[in-house]
Amino acid sequence: MTDGAIELTGVGKRYWQIKERSLLRSLIPFGGPNRTHLWALRDVDLRIDKGETVGIIGSNGAGKSTLLRLLAGVSQPTTGRLTIRGRIAPLLSVGVGFHPEMTGRENVLVNGMLLGLSKADIRARFDEIVAFADLCTFIDTPVKFYSTGMYMRLGFSVAIHVAPDVLIVDEVLAVGDVAFQLRCLNRMRDLQAAGTTIVFVSHHMHAVHLLCPRTVVLHRSRVEHDGQTEAAIARYHQLLATADDQDPDAPVRVLLRELLLADGTAVDDVEQDQTLTYRMTVRFDKPVDGPGILFRVVGDDGTLAYSMQTSIGELWRSYAVGDEATVLVSFRPRLGGGGTFHVNVAVTDDYGTVLASDPNGPSFYVPPRYGVGGVADLEATITVDGQTRTNHRWARIGDEALSAELPSGGGRLKG
Amino acid sequence: MTDSTPTLSLDHRPGPLFAWLAGLWRFRGVLLALSRKDFQVRYKRATLGVLWSAALPLLQSTVLVFIFSRVGDFGTGRSFSYAGYVLAGMVPWVFVSTSIGASTTSIVEASGLTDKVWFPRAILALVPPCANTIMLATSTVILLIGLPLIGVPPALRLLLLVPAALLAIAFSAAFGMLLAALYVYFRDLKFLVQAVLLVWLYVTPVVYPPAELGPAGRWLDWNPLTGITGMFQSAAVGSPFPSVRALLVSVLATLGLGAIGVLVHRHHDRLFVDLL
Chain A
1 MTDGAIELTG VGKRYWQIKE RSLLRSLIPF GGPNRTHLWA LRDVDLRIDK
51 GETVGIIGSN GAGKSTLLRL LAGVSQPTTG RLTIRGRIAP LLSVGVGFHP
101 EMTGRENVLV NGMLLGLSKA DIRARFDEIV AFADLCTFID TPVKFYSTGM
151 YMRLGFSVAI HVAPDVLIVD EVLAVGDVAF QLRCLNRMRD LQAAGTTIVF
201 VSHHMHAVHL LCPRTVVLHR SRVEHDGQTE AAIARYHQLL ATADDQDPDA
251 PVRVLLRELL LADGTAVDDV EQDQTLTYRM TVRFDKPVDG PGILFRVVGD
301 DGTLAYSMQT SIGELWRSYA VGDEATVLVS FRPRLGGGGT FHVNVAVTDD
351 YGTVLASDPN GPSFYVPPRY GVGGVADLEA TITVDGQTRT NHRWARIGDE
401 ALSAELPSGG GRLKG
Chain B
1 MTDSTPTLSL DHRPGPLFAW LAGLWRFRGV LLALSRKDFQ VRYKRATLGV
51 LWSAALPLLQ STVLVFIFSR VGDFGTGRSF SYAGYVLAGM VPWVFVSTSI
101 GASTTSIVEA SGLTDKVWFP RAILALVPPC ANTIMLATST VILLIGLPLI
151 GVPPALRLLL LVPAALLAIA FSAAFGMLLA ALYVYFRDLK FLVQAVLLVW
201 LYVTPVVYPP AELGPAGRWL DWNPLTGITG MFQSAAVGSP FPSVRALLVS
251 VLATLGLGAI GVLVHRHHDR LFVDLL
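Going down the list, the protein sequences come from chains A and B. Just so you know, we're using this note's numbering here: the first sequence kicks off at 1 and counts up by one. Just so you know, we're using this note's numbering here: the second sequence kicks off at 1 and counts up by one.
Chain A with its partners taken away, still in its complex shape (with noise of 0.2 Å):
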């Protein structure tokens, strides 16, 4: 087939912000327009042929969920056109259509229903579908008795269960357990060397370095790169790292801020427990008195992974207008479930007050600890009948892991 199984030709998403939705408000016209737009794609092109998975990524705001919904033919485009060719599942979020009072059983059925399968497809396949979830005999309780793992398993289970041509996935290996997110990363190989064409949209490099041969990134509506993953993946971070988001009125201008390894070369992949320094170069525009540092870590998803501050008014000196000074955090990531993370140091006057915020610091990506989940690493120790499990190692998702079924675990079992 010569026909590419996802085509977007010029394709432009305009959404109007409208500020009051009022049948009144628009019958008597007042207070000036009632609405503005915003263009959240545009100009693009891509082509995706039949079988290939190609990741999408890029920050928040960059056009990822809008070009999300097109492809899952929720919305339709502004300008151009695009044409997807076979029976799309769009995965966007797990458990569409889940009611907490109705049971698994009757749950899958409305999913299914909405995912395009018929009540015959679905009756076909329902035993496969609860076996690929685990859930045993909860399937006639309702889901609000299920644990979260549950409730993900099974509605991923119906998503994977459509035999799409073309899968769309939103950042499902966002949630559930790290065994979880194994399972859905292998049946995605499964259905890739089926020959189904997939979508991969995530925050997770790791996930989509694995998965993606190719990578789109979107910055600002457009796209900005498509090629190989790896230097999608290095334009993304470089990308984050440059975003010049400053306020032009700020008393304190950031020149210079990087993210250095002990021997000084820039870093944007990086090792648990490895020493890490940021260093920033600021001039003042105003004449401060003992500016204080306000050092944190975000992840992606804008959690505060860690945060440190000078206690207000602390033995710093005082800078006059047109002074630099040099600003270096030493610091070693010791992030449990590992992600993309963004350095963010603000620099304030004795009172505590931002002067000058760094809100697109460089950004690192640390790989998880093997098993651990979340953003802190508490060590922890796990002993069973004597048997003792811990996660001194550290090890990168799927580089072993993926190619047995399941993990057994990770770690090293003593005694």
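Treat the hints with care, as some may be off.
[Claimed, not checked] Calculated lysine to any residue pairs in the SDA-like style (CA-CA distance at most 25 Å, straight line): (1) B:K190 - B:D38; (2) A:K144 - B:D115; (3) A:K144 - B:G112; (4) A:K50 - A:A194; (5) A:K119 - B:T5; (6) A:K119 - B:A22.
No lab work stands behind these hints, which were simulated from the structure alone.
Dock chain B against the given chain A, drawing on the hints supplied.
Just chain B now, kept in the frame of chain A:
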């Protein structure tokens, strides 16, 4: 499954009308599944389930019969049972008003769904009338049981309940579909609908036979519900059949609202989600 690969092709224009209608038909299973879910969820915890839904028209009728036969002089001097008349009018009224009210907010309230998967949004607006049909059936059965108890013997005219019920369902579906689409754009519509429903009960011949208002009663023919409630009442207690004009207004309003609803939905089906 068919052999031909389904192709989705989208640009800024709305899709063809037949494709929209075909989509509606293709997703009929979703309508049934969502309606069943709606119904199940609503009565899951109530042991008597459906009976509660039927109790509402009964209770409302009892109150109205009591008030109107005491305060007004509506209760006497008539060839048919007044209590039966009110009950028969209340059955379609409760169905239509609750369905329309629920349909209005249906698309907006399902934003968690519409954001993730595509199916014709009109399905969401059709869920309340579809789910409430069980309530309509139950209250009709209660009506059939209740009529002999208040002294109205069963007769062949009861068969009229079938077309009457179909018209009530069609009208609710048509109007609900249009209101659901408009509510996406105009969020104050909810209050407007509630206000209109409040007044609508009293300009619909539910508690009084239109003939008894004299010449003013003819104006009620322009209310599309007059034909619907009139058919229910005529079937149940043998009150005068609604006029041809009232019936025409009911049927034409249903068709007209349905047609406008279909056109609006076809144009905006994939745009609603942008405004949720």
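For each hint, the structure was consulted:
Simply put, K190 (chain B) and D38 (chain B) have alpha-carbon atoms about 20 Å apart, close enough for the 25 Å limit, and the pair holds. Simply put, K144 (chain A) and D115 (chain B) have alpha-carbon atoms about 22 Å apart, close enough for the 25 Å limit, and the pair holds. Taking the CA atoms of K144 (chain A) and G112 (chain B), the gap is near 17 Å; set against the 25 Å cutoff, the hint holds. Of the supplied pair hints, the one linking K50 (chain A) and A194 (chain A) holds, its CA atoms being roughly 11 Å apart against a limit of 25 Å.
Restraint check for K119 (chain A) and T5 (chain B): the C-alpha separation of about 20 Å stays at or below 25 Å, so the hint holds. Using a Cα cut-off of 25 Å, the hinted pair K119 (chain A) and A22 (chain B) holds, with the two alpha carbons roughly 18 Å apart.
Against the hints set out earlier in the document, no violation occurs for any number.
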